[in-house]
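Based on the sequences and whatever the hints tell you, model everything.
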Amino acid sequence: MFAASPARAHEALPTAARPLGWAYPYSCCSGIDCRQVSARAISERPEGYVINNTGEVVAYNDSRVKNSPDGVYHWCSVAGASDSRTICLFVPPKGY
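For what it's worth, my numbering labels the leading residue of the sequence shown as 5, then goes sequentially.
Simulated from the structure, these hints should not be mistaken for lab results. What you were told as hints is all true, and nothing was included just to trick you.
Distance ranges between label pairs, derived from CB positions: (1) Pro50 with Leu24: 30 to 38 Å; (2) Gly59 with Leu24: 30 to 38 Å; (3) Pro50 with Leu17: 27 to 35 Å; (4) Arg49 with Pro18: 26 to 34 Å; (5) Ala85 with Ser31: 15 to 23 Å; (6) Pro50 with Pro18: 31 to 39 Å; (7) Glu51 with Leu17: 23 to 31 Å; (8) Asn65 with Leu24: 24 to 32 Å; (9) Leu24 with Glu51: 31 to 39 Å.
Keep in mind it's a predicted model, so treat the numbers as computed, not measured. From the three backbone atoms N, C-alpha and C, an ideal C-beta is built for every residue, glycine too.
Okay, here's the thing in structure tokens:
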């Protein structure tokens, strides 16, 4: 029997789509910067994705926008703070 273990630095928590989790790229995460966020934490407007907590807008074509391999949003911010700027934003494909 295998026991589930907590995610380590640079790893996303397991989801139904990725039961073993996945690793954040080092360019996005220093071990504390990234975490899964609810769909309510991110909204969209014509200019791009909005980080609702900070009001920051990340343009759709910004290189910080990445495809989410597990179908949920993940936000990487400086030092993992909820009020800092975006390093990377993992976005699920439309209709996921």
